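Student: Chain residues, written in single-letter form:
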Amino acid sequence: MDYKNILEKLPYSTPFLFVDELLKVNEISAEGIYTFPEDSFFYIGHFKNNPVTPGVILTECMAQIGVVCLGIFLLENENSDSKNIKLALSSSEVDFYLPVFPGETVKVVSEKLFYRFNKLKCEVRMYSKEDKLICRGKIAGMIKNELA
Amino acid sequence: MKEKEILNAIKKIVTPYTQRQEGLEDFSEETDFIKDLEVNSANLVDVILDVEDEFNIEIDNESMEGMLTVGDAKNIIEQKLASA
Chain C
1 MDYKNILEKL PYSTPFLFVD ELLKVNEISA EGIYTFPEDS FFYIGHFKNN PVTPGVILTE
61 CMAQIGVVCL GIFLLENENS DSKNIKLALS SSEVDFYLPV FPGETVKVVS EKLFYRFNKL
121 KCEVRMYSKE DKLICRGKIA GMIKNELA
Chain H
1 MKEKEILNAI KKIVTPYTQR QEGLEDFSEE TDFIKDLEVN SANLVDVILD VEDEFNIEID
61 NESMEGMLTV GDAKNIIEQK LASA
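Here the protein sequences line up with chains C and H, keeping their order.
Under the UniProt record's numbering, the residue at position 77 of the first sequence is numbered 77, and the numbers go up by one with no gaps.
Under the UniProt record's numbering, the residue at position 64 of the second sequence is numbered 64, and the numbers go up by one with no gaps.
Same shape as in the complex, but just chain H (with noise of 0.2 Å):
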């Protein structure tokens, strides 16, 4: 999968979470969920699990816990698809 289709995704599942919109019209790899988007913590669990869902892969508490912007997000996301 491309990078360009996988940050596509992550923002059309992170669009109905989002508190600021603002963050969205400059959406890149270095914007934070909580800072940019103002996605609540139990919101970001959301974004966790539709992001499992999408790409049919799991995430663990420790890759969790480094996912603090959407290029942190991609990053997972390909390493899991890589090791699939």
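Chain C extracted, bound-state conformation (with noise of 0.2 Å):
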């Protein structure tokens, strides 16, 4: 199965998908870049006159990348085609060091810390173009097939 298969099967589409492209997804880790386009409805707001990407949504390109993307690929891999995939964020707890301003490309690099019964745990990081630690935290969702 190919990365394509599995940005096919996340259930965002604009303006709240943020996965561009999938560099590496295996039984243990994912990868993945997004770059956040300058006319991103959230400039508009946060902030006023001075945009900065909000902290909710990195978490959310973080959980997107690092444990959706990730979750598709264990759900596949265990068997069924996963037609109708059921998520649920259940948790997270993020620091952040750096802010992304519009137009960054960021880079996310997720480790599986268990898959147990339909809940994927991860620590995910988000770095800079320039490799730096944007932030990083854990975060862990509910993801299953739900047959129709």
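There's no promise every hint is true.
To be verified - Chain H is nowhere near these chain C residues, computed Cβ spacing over 12 Å in every case: (1) Glu8; (2) Leu89; (3) Phe101.
Stated by the list, open to error - In silico DMTMM-like pairs for lysine to aspartate or glutamate, Cα to Cα no more than 20 Å straight-line: (4) C:Lys144 with C:Glu130; (5) C:Lys144 with H:Glu65; (6) H:Lys12 with H:Glu52; (7) C:Lys112 with H:Glu62; (8) C:Lys144 with H:Glu62; (9) C:Lys86 with H:Glu5; (10) C:Lys9 with C:Asp131; (11) C:Lys112 with H:Glu65; (12) C:Lys144 with H:Asp60; (13) C:Lys138 with H:Glu65; (14) C:Lys112 with H:Glu29; (15) H:Lys2 with H:Glu29.
Since the hints were made in silico from the structure, they are not lab data.
Computed from a predicted structure; not experimentally measured.
Glycine is no exception: its CB is placed at the ideal position from the N, C-alpha and C atoms.
Using the hints, build the complex out of the two chains.
Tutor: In structure tokens, the structure reads:
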């Protein structure tokens, strides 16, 4: 299975899709990149006349690449065709170190802590183009195939 | 391991994940993790992983699905300990 297949199964679309490309996905880790378009909707209000990417959006980007893409890989690896993926974020604990400005490209690196009983928990880090740490934390979600 | 010790250990494990504190006050074998303690499904997985660590056992998917109450959990722990 190629990574395009994973991207096609992501249940998000603009303006809430925060994955451009996957660089690596395997049983224990995932890596991907995203460029925040300068005209992203949240820059209008965060902040007034001073656009900075909100932490919740950085967390979402980390969750989409680091937990959801990895989770889809693990589901596909397990067995079935994952047509109706049901997702829920269950916890996130993130520390932030650097701001991300409009137009910046970030890389997300995720390592699986555990995947048991439909719960996937990962240690996730986000880096700038210069390989500086932007934020890191632990994110967990529930993921499963809903049989129609 | 005595039944009481197992129940106490389960109570200790589930306490940080419990939303409904009254459920802990009348904690018994009939206590339902989701209905009485209002543990969410993601934290129920944490409870099971903590149980595995505490008792050094492995809980499979089938056992997990049958773990609705504290008594169910106790029975599964006893079975696993006996067959270990």
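Student: Against each hint, give a clear statement of whether it holds in the structure.
Tutor: These are the hints, each one checked on the structure:
Even its closest Cβ contact with chain H, about 26 Å, leaves Glu8 (chain C) beyond 12 Å, as expected for a residue assigned away from the interface. Interface exclusion of Leu89 (chain C) from chain H breaks down, the closest Cβ pair being 9 Å apart, not more than 12 Å. Remark: the non-interface label on Phe101 (chain C) is consistent with the geometry, its nearest Cβ contact in chain H lying 33 Å away (cut-off 12 Å). As the CA atoms of Lys144 (chain C) and Glu130 (chain C) are separated by approximately 36 Å, the hinted pair breaks the 20 Å bound.
About 15 Å separates the Cα atoms of Lys144 (chain C) and Glu65 (chain H), which keeps this hinted pair within 20 Å; it holds. Between Lys12 (chain H) and Glu52 (chain H) the alpha-carbon distance is near 14 Å, which keeps this suggested pair within the 20 Å criterion. Proximity of Lys112 (chain C) to Glu62 (chain H) is assessed by CA-CA distance (about 23 Å); at most 20 Å being required, the pair is judged violated. For the suggested pair Lys144 (chain C) and Glu62 (chain H), the alpha carbons sit about 16 Å apart, so the restraint of at most 20 Å is met.
About 38 Å separates the Cα atoms of Lys86 (chain C) and Glu5 (chain H), which puts this hinted pair outside 20 Å; it is violated. The straight-line distance between the Cα atoms of Lys9 (chain C) and Asp131 (chain C) is roughly 29 Å, outside the 20 Å bound, and the hint therefore fails. Taken as a hint, the Lys112 (chain C) and Glu65 (chain H) pair is broken in the structure, with Cα atoms around 23 Å apart against an allowance of 20 Å. Proximity of Lys144 (chain C) to Asp60 (chain H) is assessed by CA-CA distance (about 17 Å); at most 20 Å being required, the pair is judged to hold.
The straight-line distance between the Cα atoms of Lys138 (chain C) and Glu65 (chain H) is roughly 26 Å, outside the 20 Å bound, and the hint therefore fails. About 34 Å separates the Cα atoms of Lys112 (chain C) and Glu29 (chain H), which puts this hinted pair outside 20 Å; it is violated. The suggested pairing of Lys2 (chain H) with Glu29 (chain H) holds, with an alpha-carbon distance near 14 Å, which does not exceed 20 Å.
The structure is inconsistent with the numbered hints 2, 4, 7, 9, 10, 11, 13 and 14, although it conforms to all the rest.
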